[in-house]
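Can you make the complete structure from the sequences, with help from the hints?
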Amino acid sequence: MTQIPLPELLRPKRLSQFVGQEHLVGKDLPRRGKAGGIIRKLLSNSVTNNYFPSLILWGPPGSGKTTLARIIANELKRQYFEFSAVSVSIKEIQKIMTAGNLFPPVILIDEIHRFNKAQQDKFLPFVERGDITLIGATTENPSFEIIGPLLSRTRVLVLNQLTEKELTKITKRAIKFLKIKINKEALNFLLSASNGDARVLLNVLEIAANLTINHHSLTIKSIEQALQRRQLTFDKGGEEFYNIISSYIKSMRASDVDAALYYLARMVAAGQDPLYIARRMVVFASEDVASPTALVVANAVFQACQQIGYPECQENLAAGTVYLATAKKDRRAYDAYMRALEDVKKFGNLPVPLQIRNPVTKLMKDIGYGKGYDKYTKEDLLPEKLKGKKYYH
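Numbering-wise, our numbering comes out as the position in the sequence shown, counting from 1, plus 1112.
Some hints could be false.
Said to hold, decoys possible - List time: in silico DSS-like cross-link candidates among lysine-lysine, alpha-carbon distance up to 27 Å:
1. Lys1189 <-> Lys1234
2. Lys1189 <-> Lys1139
3. Lys1477 <-> Lys1499
4. Lys1125 <-> Lys1281
5. Lys1277 <-> Lys1125
6. Lys1333 <-> Lys1284
7. Lys1362 <-> Lys1293
8. Lys1203 <-> Lys1153
9. Lys1277 <-> Lys1153
10. Lys1277 <-> Lys1333
11. Lys1499 <-> Lys1457
12. Lys1501 <-> Lys1457
13. Lys1139 <-> Lys1333
14. Lys1502 <-> Lys1441
15. Lys1440 <-> Lys1502
16. Lys1281 <-> Lys1139
17. Lys1441 <-> Lys1483
18. Lys1291 <-> Lys1125
19. Lys1291 <-> Lys1277
20. Lys1502 <-> Lys1490
21. Lys1502 <-> Lys1458
22. Lys1502 <-> Lys1457
23. Lys1477 <-> Lys1490
In case anyone wonders, no lab produced these hints; they're calculated from the structure. Small disclaimer: the values here were computed from a predicted structure and weren't measured.
Structure below.
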């Protein structure tokens, strides 16, 4: 007999049971000046218009992406199919998409970012025609991992990491179901160790309950046993995550290679996505380092992390960190661009000088486009209003 894990047993089946993501599923409270969440509104309106769009749910692990997809299918009273991009072939999914269903089935693709461009292309005609309601779940930034045509046909919804208040609510349901108690210190430790992930919280809680002899009261010791180690975390309401990544970047900027390696190790040990770290390295290489070779190195680290993954790619991250931290720093290009961008926002579409406009037609040439332009003559080519302005020093 298969034992059903606690996260599955307690998974909400209705929107009223769902915890977190108030910006998506919250109720409309006009008296408090609070607008209802988009998913709740769409589900409510679907009763009359039978409309529900395809979605990309982007959020951290254990934030409720799969649960929301199942609730949406249940509320719509549609057929529901669930696949993981890690273990399914696109041909298997195509059988469902081409089945000629009376109503568009809801198809969840977990970790949709694992599908390559050609595989993602297969969904386009079915989403375009409304043959299916596609829900793609991803922990990765859709801007980087989902093809543009699919993004334009779906709505990206961002799920936030669960707060300690929300995790506490889930914990109360779990301990009631398990018929156990948990002391305050153990609860605080469990919330911190779960790092905003409801699945981690429930799995640890279930293991701890089965490790406790009397099954009545959980302590820090039983939670630690279930974890096997004190979980390194980034998040306490979002702050610690940003503290660590900020410390990493600032350490490299200050050329403090030891500090940079320490904060890198903190992120790796806590299970941070290596591609997230590598992306920050790519940005840093353009913003802060004098040599263009830095961008080549950072991109090579990113590609290595993509191809190799943990644990080996931590060595690539370390090598890239040392290179960037010890490289000569120069922010002039970044700062100059930001000053130019500020003027663009301030002055809008200033007229481009005639001599550098492209005279692609005779009329344009006759009215002065390109007149007097000499590619070898150094002159101020900024719009008239900005003549003499210096961004790069």
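We went through each hint and held it up to the structure:
no. : hint                : verdict
1   : Lys1189 <-> Lys1234 : 25 Å, holds
2   : Lys1189 <-> Lys1139 : 21 Å, holds
3   : Lys1477 <-> Lys1499 : 24 Å, holds
4   : Lys1125 <-> Lys1281 : 16 Å, holds
5   : Lys1277 <-> Lys1125 : 21 Å, holds
6   : Lys1333 <-> Lys1284 : 19 Å, holds
7   : Lys1362 <-> Lys1293 : 43 Å, violated
8   : Lys1203 <-> Lys1153 : 34 Å, violated
9   : Lys1277 <-> Lys1153 : 25 Å, holds
10  : Lys1277 <-> Lys1333 : 23 Å, holds
11  : Lys1499 <-> Lys1457 : 17 Å, holds
12  : Lys1501 <-> Lys1457 : 15 Å, holds
13  : Lys1139 <-> Lys1333 : 39 Å, violated
14  : Lys1502 <-> Lys1441 : 21 Å, holds
15  : Lys1440 <-> Lys1502 : 24 Å, holds
16  : Lys1281 <-> Lys1139 : 18 Å, holds
17  : Lys1441 <-> Lys1483 : 41 Å, violated
18  : Lys1291 <-> Lys1125 : 22 Å, holds
19  : Lys1291 <-> Lys1277 : 21 Å, holds
20  : Lys1502 <-> Lys1490 : 15 Å, holds
21  : Lys1502 <-> Lys1458 : 16 Å, holds
22  : Lys1502 <-> Lys1457 : 17 Å, holds
23  : Lys1477 <-> Lys1490 : 22 Å, holds
When the structure is compared with the earlier hints, violations turn up for hints 7, 8, 13, 17 and for no others.
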